[in-house]
Structure formats: C-alpha cells, structure tokens
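Undergrad: Now for the letters of each chain:
Protein chains: 2
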Amino acid sequence: MSFYTLIKNCPKTSARRGCVHTVHGDVQAPFFMPVGTKATVKTLSQEDLRTIGSEIELSNTYHLFLRPGCDIIQKAGGLHKFMSWERPILTDSGGYQVFSLTDWRKLSDAGVEFKSHLDGTKHFLTPEKVMEIESVLGSDMVMPLDECSPYPCEYAEAEQAVRRTTEWLKRTKEHFVKTGMNERGQRLFCIIQGSVYRDLRERSARELLSLDTDGCAIGGVSVGESVKEMFEVLQWVMPLMPLNKPRYFMGIGMPDQMVRAVGLGIDMFDTVIPTRYGRYGTCFTDRGQIVIRNGMYKEDFGPLDPECDCPTCKNYSRAYIRHLFNAGEVLGLRLAAYHNVYYYVNLLRRIREALDQGCYQEFMVNFLTTYNSDLLATL
Amino acid sequence: MSFYTLIKNCPKTSARRGCVHTVHGDVQAPFFMPVGTKATVKTLSQEDLRTIGSEIELSNTYHLFLRPGCDIIQKAGGLHKFMSWERPILTDSGGYQVFSLTDWRKLSDAGVEFKSHLDGTKHFLTPEKVMEIESVLGSDMVMPLDECSPYPCEYAEAEQAVRRTTEWLKRTKEHFVKTGMNERGQRLFCIIQGSVYRDLRERSARELLSLDTDGCAIGGVSVGESVKEMFEVLQWVMPLMPLNKPRYFMGIGMPDQMVRAVGLGIDMFDTVIPTRYGRYGTCFTDRGQIVIRNGMYKEDFGPLDPECDCPTCKNYSRAYIRHLFNAGEVLGLRLAAYHNVYYYVNLLRRIREALDQGCYQEFMVNFLTTYNSDLLATL
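Residue numbers (the working numbering), protein chains in the order written: chain A, 543 to 921; chain B, 543 to 921.
Hints may contain errors.
Stated by the list, open to error - As a list, the in silico DSBU-like pairs of lysine-lysine whose alpha-carbon atoms are at most 30 angstroms apart:
1) K623(B) / K720(B)
2) K856(B) / K840(A)
3) K623(A) / K648(A)
4) K664(A) / K720(B)
5) K840(A) / K671(B)
6) K623(A) / K856(B)
Just so you know, the hints here were simulated from the structure itself, not pulled from any lab data.
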C-alpha cells in the first residue's frame with residue numbers, strides 16, 4: 543500500500559482529506575501531532591493521548607540521542623516500546639535543535655559538530671548518523687538532517703543551506719535505502735528550506751522533490767518571520783508539491799494558521815504551542831485565548847471552554863483551574879495542557895469532518911471569523 | 543444512622559472492620575485519605591482518585607482559608623463543588639499549619655494570631671472561626687482547632703496544650719451544635735494531644751472523649767518523635783477509645799506503620815508521604831522503597847512494582863520513569879505519585895479484605911516480614 547492515500551479533494555480550496563498508512567496503524571489526515579520532545583507530551587500520559595484520540599505522536603532525535611541515549615532505547619526495543627506508545631511516531635532529525643539549543647556548533651558539508659546543551663560533551667551528527675539514530679528509534683516517519691536557516695538570514699547563507707540540505711538528503715536517502723529502513727516500514731521526508739526567498743524555496747522544493755522521498759515537509763518556518771512571510775512561503779511551494787505524498791508544515795502553528803494552511807493543501811502539523819501555552823495557563827477556544835490567571839476568572843465557575851467536551855471542561859471550573867495556577871499546583875498545568883491538546887486534536891477532527899462533508903471553505907471562513915483571525919484577509 | 547458502624551472485630555488483634563457514613567457517601571474502614579492540601583492531591587486529578595478507588599479526600603482549612611479564600615469557595619457552593627469531588631472530604635483545622643508554617647504567631651486562650659506564610663497578612667483563628675470556615679467548606683468530617691505540641695516539648699508546655707485543646711474543643715462543640723453544622727451532616731472530631739507524656743495523653747483523651755465528638759483523632763504525632771514513642775502514644779490511648787467512633791491516627795505514616803496501627807485499632811490515616819515521596823521519585827512496594835533515579839534502573843524495562851495493577855505499573859517501565867525524572871518531566875512525578883497513592887489506597891483495601899476474612903493477624907505478620915519492618919518486634 544502507498545504511504546499516503548488521497549480520499550477526497552475539497553471542491554473549492556486546495557484542502558484534501560487523506561490517510562497516512564504506517565506499520566503502527568493509519569493516521570487520518572489532515573492531522574496534528576502532539577509534541578513529545580523527550581518521549582513524553584509534557585504533563586500528559588500516553589493514556590491521555592489515546593483518550594484524546596491522537597493517532598500519532600512526535601518525538602525529537604536530538605533530545606533522545608543525548609538522553610536517555612540510543613543504547614537504552616535500543617535495548618527497550620525502540621521508542622514505541624520505550625515510551626509505551628503503540629501508534630505511529632514521527633521523529634524530528636535534531637537539525638533544528640542543534641541550531642537553536644547549542645552554544646557551540648561547527649557546520650561543514652560533512653555534518654554538524656556540536657556541544658550538548660546538557661553537559662557540554664561534543665557530538666558529530668551527519669546525515670547518515672541521524673538515520674542510524676532514527677533507525678534505532680524505529681519511528682514511522684523519519685526526518686532527515688537539514689540545515690535550518692535562521693531569521694533573518696542573508697541570501698548567500700540561505701542559499702548555502704538549500705544546497706547543503708539537498709546534498710544531505712541525497713546521502714540520507716542512500717543510507718536509508720541501503721540499510722533497509724524503508725523495508726522495515728519507516729518512511730522518509732524531505733525538508734524544504736530557502737528562508738523567505740522565493741527562488742530558493744522553489745529551488746529547494748524542486749531539488750528535494752526530485753529525490754522522491756515518501757513525504758514532503760516545509761521547514762525553516764515559524765523561526766521569527768512574520769505570519770505573512772510564512773504563508774508566502776507556503777503559497778510558493780505548494781504548487782510544486784506532488785499529489786500522492788503528505789505535506790507537512792513544520793512547527794505550525796496557532797489554530798487559525800492550521801485551518802488556513804489546510805486550505806492551502808497541508809496535511810500535517812506539529813507544535814509545542816498547546817502544551818507550552820497550557821503550562822503558562824493560556825487556553826485555546828474557537829473564540830481565542832483565555833488567560834486563566836486573569837482576575838476576571840476568580841469567581842467564574844463555568845467551564846474553561848463551554849463548547850468543549852474534554853474532561854477539563856466537563857469537570858472543572860475556571861475558578862478552580864485559576865486557583866491551581868495561583869497555588870503552583872501541577873494539576874493546573876495538566877488540566878490546561880490536556881484541554882489545549884484536546885482542542886488541537888479535535889480541531890483537526892472537525893477539519894476532517896468538514897472535508898468529508900465537502901464544506902471546508904465554509905468551515906474555514908466560519909472558523910477564521912469566530913476566531914477573529916487576521917488570516918481572513920488572505921482568503 | 544450512626545456515623546460509624548462496626549462490621550467485624552479481628553479475633554486476634556484490636557483491628558476492626560467498619561464503615562463511616564456521611565451525606566456524601568460511605569467510606570469503608572479502615573481507610574487512607576489522600577491529602578489534597580490545597581484542594582488537589584498533588585499531580586493527580588479527581589478522576590484519578592476515583593479510578594484509584596479512593597472513597598475520601600482530605601484538604602486543609604489553613605491553606606484554603608488563605609487561598610483561594612472562603613468567599614470563593616462559598617460562592618462555588620462549598621469545597622466539594624469547588625474541586626469537583628462529590629465523595630466525602632475531611633478538613634484539617636489548620637492548627638498544625640499555623641504552628642509549622644508561620645514565622646510569627648501569638649497564642650492565647652482566645653485563639654492564635656498569625657501571619658500568612660503567603661503574604662504576611664495577619665489573621666486570627668479561634669475555635670469558633672475555624673468552625674465557621676469549615677462550615678463554609680462543607681467538609682463531611684471536621685477537625686477542631688487544637689494546640690499541637692512540637693517535639694521535643696517540655697512537660698509544662700505539653701500540659702498547657704492539653705488544657706487549651708480541651709477548652710477549645712468545648713467552644714468548638716458549642717459553636718458546632720449551635721450553628722447546626724451537625725444537622726447539615728458535618729461530623730466533628732476531637733484531637734488528643736499530650737506529647738510523649740503518658741499521663742497527659744490519658745488526661746487529654748479522657749477530657750476530650752467526655753465531650754462526645756463524632757470521631758476521635760490522635761494528634762501531635764509524627765512531629766519528630768521516634769517511631770517507638772509514636773506507637774507508645776497509640777498504646778496508651780487506644781484502650782480509652784470508645785468502640786462506636788472512628789479513630790484517626792493523624793499524619794501517619796509509612797505502609798508498615800499503617801498496617802501495625804490497624805492492628806491496634808486505628809480506622810483512619812492521612813499522610814502526604816505517597817505524593818511527596820512520589821514527586822522525588824521514591825516509590826512504595828511491599829518489599830520496601832524503590833528510588834527510581836538510581837542508576838540500577840537505567841536499563842530495567844520491568845514495571846515499577848511487579849505486584850501492582852496500577853496504570854503506571856501496567857503501562858510503563860522503570861527505565862522510562864527514570865528517564866522522565868532525569869529529564870525533569872512532569873509525567874514522571876505524576877506516574878510515581880499515582881502509583882504511590884494507588885499503593886496506599888490499595889493497601890488499605892487489602893487490609894479490609896484480610897479483616898473480612900478474619901485473618902488480619904496473619905496478614906500483618908506477613909506484611910511486616912515482607913516489608914522487613916522494625917515493627918515486627920512490637921508484635
């Protein structure tokens with residue numbers, strides 16, 4: 543069976559309803575991947591994720607490579623067994639973390655040398671080494687080592703990142719195939735770079751897509767550029783995307799950004815926003831964000847989000863959750879993060895339902911209107 | 543119906559199987575009360591507590607009085623509604639916290655003036671004021687304001703605490719009855735003081751028991767004295783206890799201490815040990831404690847406690863939980879605390895089953911032997 547099945551195109555937008563097939567099960571697309579960087583989605587249990595209905599989870603190669611280390615995960619029988627998550631997993635390559643987390647790194651065509659942000663030990667990641675790690679992790683969807691351009695970024699620097707990302711993908715794919723990772727059911731993505739330069743984005747897309755990976759990701763976004771620039775990148779590269787592969791908008795985004803990006807043909811999302819915002823007491827609703835520490839909720843005994851069916855909203859009041867945050871109680875973070883991840887996973891479910899019903903355009907306009915989103919102007 | 547029903551006496555020990563009846567439901571005795579000081583059992587949700595099978599929860603008057611404050615809980619309709627816990631609640635009086643948490647306090651026969659440990663504001667707690675607060679909280683079992691002697695404690699000081707605790711209980715009971723708290727289903731306990739002095743403990747017990755409260759607690763224990771002294775106190779006062787009232791050993795204790803105390807006729811326990819130890823990665827089993835950060839568990843893919851049926855032990859490995867602790871992930875605290883609270887609640891269930899089967903002595907000997915407990919010597 544192919545990796546991606548297209549179920550239905552939206553008649554009015556570029557949105558599409560599909561399904562991704564992995565050896566750990568199918569994932570209905572478009573979908574959101576809760577981020578479990580260190581093999582745990584912060585504050586939630588794997589039972590919580592299953593109850594929420596998430597069909598997939600994302601973890602990070604860089605973090606797991608450094609701690610607990612590949613030897614332990616190998617002995618556990620892979621990441622699925624290590625973290626007790628039997629559904630599909632996508633793993634980041636760690637490229638982004640090497641660029642954003644480490645104080646010291648030395649980049650060359652060979653790969654990237656860096657000092658661990660944990661203990662300062664030196665490590666050398668190459669495209670092949672990243673595949674070796676992800677082979678041990680046993681993730682269903684595998685991201686290759688790329689060079690993620692920062693923002694802002696000079697043209698010459700962005701061009702070098704595009705060139706290197708292509709060279710690295712060639713080596714990645716060779717290693718991936720040679721070592722039989724595809725035969726063990728793992729699926730490889732490419733990561734389109736090029737910063738905010740149209741010709742570089744298009745060049746990166748053409749070069750990478752010619753290497754025929756299983757899925758296509760747009761990287762180097764949500765790194766500091768404006769939302770306008772981010773969506774420009776999307777509009778440049780989407781016309782180049784093949785129809786038979788899932789498209790992944792990396793690290794995106796706010797609810798309205800996901801809704802808009804689906805309308806442009808995106809199938810996959812991940813972001814730490816629901817858990818990170820939850821831990822600081824900011825909760826998502828269709829009508830925008832609720833900052834639960836706010837004094838206005840002191841005596842508000844209604845649910846966090848009256849339109850939500852999650853256990854946080856069914857069982858606890860705003861006043862109680864606010865109390866938990868004020869008292870520094872872990873349950874506060876947990877209830878808020880649970881709601882937010884539920885909100886994200888459920889938003890993608892609602893998106894799929896709208897696609898099933900052939901009314902995605904209406905859904906998108908209604909959502910962006912209710913959310914009071916600036917992205918309405920992009921329609 | 544009476545507050546306490548005696549179901550069965552143990553033929554060989556002083557242990558007893560009973561049941562406590564409240565307007566929020568029955569609690570099978572002996573029982574353990576998970577401690578939710580600030581209206582939350584740390585890291586756990588109320589759904590977790592229900593799934594674990596806890597029939598009761600304990601919260602703290604001092605903490606809730608200071609934050610979120612009585613006005614908010616009153617507007618919520620009481621503590622049960624505020625925290626979404628429909629089963630019985632026992633509330634501490636806050637006396638212990640005034641003595642242990644505040645920098646500044648002024649004690650007199652009238653009551654105790656203190657500065658909040660949160661913001662330094664001055665407050666004055668009297669026996670009557672504590673009842674007013676607990677009336678607002680609407681707890682099913684109500685502890686009166688007492689003077690908790692520290693350890694070590696001079697005889698004269700301990701004697702004054704005994705005298706004052708009796709005087710305060712008289713005022714407490716008068717207020718309790720006059721304001722109809724009993725008619726609204728609340729049940730009042732006394733708290734026996736007297737430090738480690740036998741005559742004072744016996745005097746305190748006699749004086750307080752003559753005031754005929756619904757239940758009897760032994761306070762001023764686990765405050766720094768040795769386990770031997772703690773059990774001496776228990777052996778002095780237990781023969782004075784009426785048969786028709788539940789006996790509560792406050793703030794106790796380690797698993798073997800609970801098992802031993804049940805054998806001496808105790809019906810009720812509370813302690814922060816399972817959650818506090820869990821948060822530091824120490825987990826309980828019948829064979830003693832597991833310190834999960836220990837390097838020996840690095841590649842141990844077996845369950846935390848192979849004899850345990852809780853979700854932590856059914857779903858996650860020691861190596862994974864150790865990783866979560868090393869990575870500073872909240873899920874680690876949560877899984878460990880869940881197991882520990884489950885272990886405590888389930889231990890009391892096993893105790894009740896042994897009592898039902900008339901074999902508590904054997905259970906106690908077996909448990910203390912497996913646990914390698916020093917308390918075996920006290921049998």
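Undergrad: Each hint: holds or not?
TA: Against the structure, the hints come out as follows:
1. K623(B) / K720(B): holds, 25 angstroms
2. K856(B) / K840(A): Given pair K856(B), K840(A) is violated - Cα atoms ~39 angstroms apart, limit 30 angstroms.
3. K623(A) / K648(A): Roughly 34 angstroms between the alpha carbons, so the hint for K623(A) and K648(A) is violated.
4. K664(A) / K720(B): violated, 73 angstroms
5. K840(A) / K671(B): holds, 24 angstroms
6. K623(A) / K856(B): Judged against 30 angstroms, a Cα distance of about 13 angstroms means the pair holds.
Checked against the numbered hints above, the structure breaks hints 2, 3, 4 and satisfies the rest.
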